[in-house]
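Chains as they are written, first to last, in the numbering used here: chain A, 1 to 186; chain B, 1001 to 1284.
Since the hints were derived computationally from the structure, they do not count as laboratory data. All C-beta atoms in this analysis are idealised placements derived from N, C-alpha and C, irrespective of residue type, glycine included. Just so you know, not all the hints are guaranteed correct.
Claimed, not checked - One-sided and incomplete, this derived list gives chain A residues near chain B with beta-carbon spacing under 7 Å:
| # | residue |
| --- | --- |
| 1 | LEU20 |
| 2 | ARG25 |
| 3 | LEU27 |
| 4 | TRP28 |
| 5 | ASN31 |
| 6 | VAL36 |
| 7 | TRP37 |
| 8 | CYS80 |
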Amino acid sequence: MPIFQRKTQASEQRHDAYQLPPFLRTLWVSNAARAVWLPRLEKIRAVSQQLEFDAVVAGILPAMLRWIATEEFESTSAVCSQHNLKILPLSIERRASPQISAMGHTPVGIYMYAAIGKKSRQNFLPVRGKNLIIKKSVCGLATPNAAADFMQKRIMILQIRNCSGWPQTTPPLQLPASSNSRLRRS
Amino acid sequence: MTVPANSTISDGAGSIAATREATQKTEDAIAALCKAGIPPGLIVTLHRYNATADKLPRLLEWFHSLEALGVRSIRLHILEVDDPVVRERCTLSDEENIAAFLYFFRAAHEFHSVKFDVYQSIRALLLGREHEVSCIWRACDPYTTAGVSGIEGHGERSNCGQASKEGIDFIKSEFAGYERYLALYHTPQTDHGCSGCRFFLICKGQCPGNSTDGDWRNRSEHCAVWMALFEYCEQELIAEGKSPVSLSAQRQLMEQQLLRYWESGNNTTMEGLIADLSAQNSGQ
Chain A
1 MPIFQRKTQA
11 SEQRHDAYQL
21 PPFLRTLWVS
31 NAARAVWLPR
41 LEKIRAVSQQ
51 LEFDAVVAGI
61 LPAMLRWIAT
71 EEFESTSAVC
81 SQHNLKILPL
91 SIERRASPQI
101 SAMGHTPVGI
111 YMYAAIGKKS
121 RQNFLPVRGK
131 NLIIKKSVCG
141 LATPNAAADF
151 MQKRIMILQI
161 RNCSGWPQTT
171 PPLQLPASSN
181 SRLRRS
Chain B
1001 MTVPANSTIS
1011 DGAGSIAATR
1021 EATQKTEDAI
1031 AALCKAGIPP
1041 GLIVTLHRYN
1051 ATADKLPRLL
1061 EWFHSLEALG
1071 VRSIRLHILE
1081 VDDPVVRERC
1091 TLSDEENIAA
1101 FLYFFRAAHE
1111 FHSVKFDVYQ
1121 SIRALLLGRE
1131 HEVSCIWRAC
1141 DPYTTAGVSG
1151 IEGHGERSNC
1161 GQASKEGIDF
1171 IKSEFAGYER
1181 YLALYHTPQT
1191 DHGCSGCRFF
1201 LICKGQCPGN
1211 STDGDWRNRS
1221 EHCAVWMALF
1231 EYCEQELIAE
1241 GKSPVSLSAQ
1251 RQLMEQQLLR
1261 YWESGNNTTM
1271 EGLIADLSAQ
1281 NSGQ
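This is chain B alone, in the form it adopts within the complex (with noise of 0.2 Å):
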């Protein structure tokens, strides 16, 4: 389920009444969902309506109240742009999504039962647990998105919308390709690539649907916030003594296995790396 926010603190869906009443109900079917057992796992869309410094504190007060209605898990997203008025008038700067996000993984821990996943998948990512998180950090391919499937009118099966940016629905291409991946792993940052990133193997340049201006060759365009919030959650880990993937001294020779699954039309996981690099060893 799919929540702009909480109508307290969000009027930017035409006028204040319309919004308010279209939330109302959204909140609603929450609550139904939550009351019948079986509880939403929600995405939350972080924009400049609802998460300004000003508002967050709003916005971890709703988060609780969803946590007392049964809710589990929320995934925090930032702002998808596709048009340069909603840029203007909606996005969150870098500065602020970090703000944001920090404030929500640093309020993680007042949560008992709720999970915030963003905090969650990153934190499994530097621990090398990729099977625990979504299709955003496992360099989807954007003409195959394994983490989304659409049928569209016609039967015909399409991609994530994230992807699409020409104004076409594409149907799924027959293959995957991992040419983007392989192409950030060795193109310098300031061309958009994410050469020498030491964070690669967790981010991989993150969804191709947030590529820099719309180019799926591009990394994400929210590079600094996921650098941010990269660099906190590699330093809690140290803090508890565990050891993150993107300070391992195996970092390199992980990356080189990935690049080869790649160049041979192949994807896998972290753990699928460390289980290679593990035979490796013991066949020495």
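Next comes chain A alone, as it looks inside the complex (with noise of 0.2 Å):
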């Protein structure tokens, strides 16, 4: 018998298109270590967390994605209201904390994912140049693909950054077949 078990193309198709999540693991050389660099890192990491906020609120950025507690929901939108910010939820999980802090990864819980932006008359998050939009009832949990829905939105992350202001038209709601592939797990 083989040691090895022999590969299928298709395996091997498949391993090729993985990409691994982003993590980030602390270790420290002590807890005295620890003590004085952990309050450090994690300020510096608010603060450009804080410099994207601002950049939104000033209307640099016309949005941005972040990942919220559950429980932190409604603070969090207290704050977007008084700086005249919309947060639209997009889909809530029970996983590990993506929001990595200088820890790494906090344990798993519920988070919600939600954008952050001007207040619009339209319910549409706009990714430019890509001629596609994502509605919040499709970005919703209650979507006949809810898996293929959430590699969507990964695609959003990456180019909403680039996005200069929210759309004046509604392109359809249609996914390139290669950058959404480009994203799938196995």
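Since each chain sits alone in its own frame, please combine them into the complex, following the hints.
Listed below in structure tokens is the structure:
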């Protein structure tokens, strides 16, 4: 019997298409080092998030995407309202924290994926250049293919940062096949 | 209790006199524990000084004497190597390791009360019983090492020493992660991954402390040894009329389910995967 199972062409393609989810692991040489450096790194991380939020408030960025612990949604919404921003829930998932802190990922919990942007009459999130619009109702959980929708939103994450404004028209709700398959897990 | 080997067959630590004196103390302690009714489980590391072909019968004889004392469990270890000099002087080749393990696998039937841990573990894993096995088979995260919790001099929690390859005893990370296993599953074997291996569910790339080049991103450097032992036990189970997981039609479904656990930051056992699949099938 051969030691290694013969690999099929399909399995090779499946592995080639795989992308390891982003991760960050942190190790400390001692509790003392952790006590000094963890707060500093957390502050740096918080500043980068605040800068992104401030950029949206100032209109430099049209919108941002953020994972929010469900228990923090209310307070986040309040902050958004103060700045005349709209928060658009996209999905809710039970998962390891997608919010990478200086400690690495936090344990599994319920997280909401949401877009934050200037208030608009339209319930659309734009992705410029790809002729792509994702409608709020399609991004909800009650969709026939939640997994596919989730991956579509990942594409949106990559592209929304290059978007210069909310769209004036509504292109068809369709993903380019090539970009969709690029991010699909096997 | 970790034992290098019996003094009459291993003189590898310093002088012969010093080695024999230290080993005698260890053997006395084993005897005392057995006499007190608390027989220790032993970890015996196989290396060039105790497990080459000419020394195996004497090592087996020593194991029989340990059984007579009252020892009930013996775990065989491949020598962990962090030093090129040790690698050159002390390690067995893959072929020698395989021969040594198979020698004791075959001899396991001669023992009435002693269980040889690795043999039992591989058979249990091939039958989908993961809760019976040790940390090396259970997707150990090198930054949290669930199987080992050390306490350092200042009261800090530390990890298994096997996973420390940088000369720094890092404190335990707050959260476990399974990136190693996600990556190994998808990485070609030519790049030190496990892609396409039918034993992945059982082995998972094995202990990160024995990864190739001391880099936990790689699979175990002893892959060829484990593969040979898996195949031996697989054939043994087939001959007994049993169905190893490695040849199961459900194997790939179980793998995919396990990947989903890891991607969500969780781990599970094969029993958990089988229960998940049963639940899914009953729900259809």
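So, going through the hints one by one against the coordinates:
1. Given hint, A:LEU20 at the interface with chain B, holds; its Cβ is 6 Å from that chain's nearest Cβ, closer than 7 Å.
2. Annotation: A:ARG25 was flagged as interfacial toward chain B, and the flag holds, the nearest CB pair being 6 Å apart, inside 7 Å.
3. The beta carbon of A:LEU27 comes within 4 Å of a beta carbon in chain B, closer than 7 Å, and the hint placing it at the interface holds.
4. Against a cut-off of 7 Å between C-beta atoms, the interface hint on A:TRP28 holds, since the closest Cβ of chain B lies about 5 Å away.
5. Here the hint on A:ASN31 is kept, as its CB sits about 5 Å from the closest CB of chain B, short of 7 Å.
6. The beta carbon of A:VAL36 is not positioned within 7 Å of any beta carbon in chain B (closest approach about 13 Å), and the interface hint is therefore violated.
7. The interface hint given for A:TRP37 is violated, since its Cβ lies 12 Å from the closest Cβ of chain B, which is over the 7 Å cut-off.
8. Taken as an interface hint, A:CYS80 does not check out: its beta carbon lies about 28 Å from the nearest beta carbon of chain B, beyond 7 Å.
In summary, the structure is inconsistent with hints 6, 7, 8 from the numbered list given earlier, while agreeing with the others.
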